[in-house]
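Protein chains in written order, with the UniProt record's numbering: chain B, 1 to 401; chain F, 1 to 222.
Heads up, a few of these hints could be off.
To be verified - Stretch by stretch, here's where chain F covers chain B in the computed footprint (C-beta under 8 Å, at least three residues):
| no. | segment |
| --- | --- |
| 1 | 11 to 17 |
| 2 | 318 to 327 |
Said to hold, decoys possible - Far from chain B by the CB rule (all over 12 Å, computed), these chain F residues:
| no. | residue |
| --- | --- |
| 3 | Ile13 |
| 4 | Ser26 |
| 5 | Thr47 |
| 6 | Leu54 |
| 7 | Lys57 |
| 8 | Asp75 |
| 9 | Asp77 |
| 10 | Phe88 |
| 11 | Asn94 |
| 12 | Tyr111 |
| 13 | Ser126 |
| 14 | Asp168 |
| 15 | Glu187 |
| 16 | Asn215 |
These are calculated hints, taken from the structure and not from any lab test.
Beta carbons are placed, not taken as given, at the ideal position from N, Cα and C, and that holds for glycine.
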Amino acid sequence: MKNLIFIFRSAIDDFSRNKLRTFLTSLGILIGVFAVVVLIALGLGLKKYISDQFEAMGKNSLFLVPGRVLSGGSFTGGVSSIAGRFDDRDLQTLKKINNVIGVAPLAFKSTKIKGLLKEDFGDIMFSSETFSDIMGLEVDRGRFFDKSDVSKKAKVVVVGSKIAEDYYGSDEGAIGKKITIDDVKFTIIGVTKSKGGGGMGGFDYDSYLFAPYTTGFIFNPDKKFFRLSVKVENENYVSQVKEDIKKEFLKRHKDEEFSIVEPTELMSAITSIFSVLNLILVAIAAISLLVGGIGIMNIMYVTVSDRIKEIGIRRAIGARKSDILSQFLAEAVLLSSIGGILGLGFAYLSVLAVHNLFPAYIDLTSVVLALGISSAIGISFGVFPARKAANLEPVETIRYE
Amino acid sequence: MIKLVNVSKEYIIDSEYTFYALKKASLEIKEKEFVSIMGPSGSGKSTLMHIVGLLDKPTTGKVYVDNKEISRISDDDLSKLRNEFVGFVFQQFNLINKLTVLENVMLPSIYCRKELDFDPNDRAESILNDFGLSEKRNSYPNKLSGGQQQRVAITRALMMKPKLILADEPTGNLDSKTGHEIMMLLEKLNKEEKITVVLVTHEKDIAVYAKRIINIKDGEII
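Please put together the full structure from these sequences, using the hints given.
Take a look at the structure:
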């Protein structure tokens, strides 16, 4: 024990005399640990971002899309339209299934939109009153359209916060105003709360307009839907409802014409793709750890040659081979741990810097991994020079000038 | 205490030529003796000292320490003997310059695995005090004069209460006045502390401090 304390103390003394060399030697490990930890943090952040997006939809929803989306739990491509789209009868079928408490069809329209300040092309989503609930959409001002708006085919519209800002200057300015969609006048009854983001497979809801699907039939005479969303009473019924829907839909459609997707299923498929990508990146970053380890080995060989006389003196006064071995090994481990700790520190600062933009975070596993790997590198790359030092013949080293 | 029987040390230079640093050397050093090994440079006296000091092993022949043959004992046990049984004093002082005087003196105790019957720090301070080096204890060796460095080296050699001190040309790097001071110190350790001293030198006036002189030439004891 006294030996170990002494070894570490004299190693630290040595490093403080050679600050630049110590820093440069641990730089390789520093960069390696930094890259690995930051990439893991970004991967974790991405996972969290995706799950947050899906979390908003709730675990008790199901989506019906035309064509095959998921097969065998993996993502096989974009939404296919081989089987066309769903129609009003499909919608009515869904409403009759047990434990279904809401159904939201979805139709899109991209057209000219005219507001107070601006006239431009925009996108409208036509759906039911359940839509806001299923998609986790919140209304900041005014209200979302309700059941009676849907049944009355009311010409009302809820706009995204960005639309309100662009076309009317502000949320308050937009409420109650008329907006012209493809020459049809609608009344703005609500503005959604900004969700931010978009990208990453989700919609940028802030830039959309939302109107009752029944009203949307004006633009959509075929009464076709691009997607049907189902809200189930609670998540325990989800798989049962999924079975029931399948049974009902197979009466009218072929198996490959539609897919029933659970958000959690979709999420795990997307997450697994990103996890693999992240793992590959981390593995590439880990190569720099290897290079760092070789740098340490190199310097330790130089150190051993520089200190042959010292090794001789220590051997003459009674140091065993194992004492010499542990002395040089301790120095190598300390060198790489310094790199590891600094790398972790820089990674923490970087993650902190991007935290407002992206929910990257460093978990305990990364910390343990970073410190564990860096000391393991110290041991595995330090052991060769240390063994060389320990196996020198005492008489050769004491004679060495 | 130490006995060498027919000890040879060979260095094979190439297939046709073998250099004999020592040729069938036999000698015995008894407890409390003060012996000089004298010979010109290249005579094999350093090789002899390295074998007596357990830093080197002979090619042939046997070495006995306290009647125990040491050719078959492990490297760890040899280290232990060097640590507890022998104290070295070298011509080049061989102090570690990045450690302080006190740390140098205490270094042997760091490598000792057994329970000590003294406090290393107290013992180091007390010997340094005896040698008039108290105020130098936190200095670094390269800031000291040659005589002071050699006295630090002797303090380090005494640290583990050795039975034997091996001094390899201890005055070689010192002026003659300081050299004689160091010799008087070794003589005193032999007389008063009853420590066996083996001195290696090529200088006649240094060798005479010993009670017995062993002459060596061309690897052979004369």
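Verification of the hints:
1. 11 to 17: holds (count 3)
2. 318 to 327: That given contact holds, which follows from 6 residues of the segment 318 to 327 of chain B lying within Cβ reach (below 8 Å) of chain F.
3. Ile13: holds, 16 Å
4. Ser26: Given that every Cβ of chain B is farther than 12 Å from that of Ser26/F, nearest at about 21 Å, it holds.
5. Thr47: violated, 9 Å
6. Leu54: violated, 9 Å
7. Lys57: violated, 9 Å
8. Asp75: violated, 6 Å
9. Asp77: violated, 9 Å
10. Phe88: violated, 5 Å
11. Asn94: violated, 5 Å
12. Tyr111: Label violated. Min Cβ-Cβ 4 Å, cutoff 12 Å.
13. Ser126: Consistent with the label, Ser126/F stays out of reach of chain B, its closest Cβ about 19 Å off (over 12 Å).
14. Asp168: It is violated; Asp168/F is separated from chain B by about 9 Å at its closest Cβ, not greater than 12 Å.
15. Glu187: Fine: 23 Å to the nearest Cβ keeps Glu187/F off the interface.
16. Asn215: holds, 23 Å
Hint compliance for this structure: hints 5, 6, 7, 8, 9, 10, 11, 12, 14 are not met, and every other hint is.
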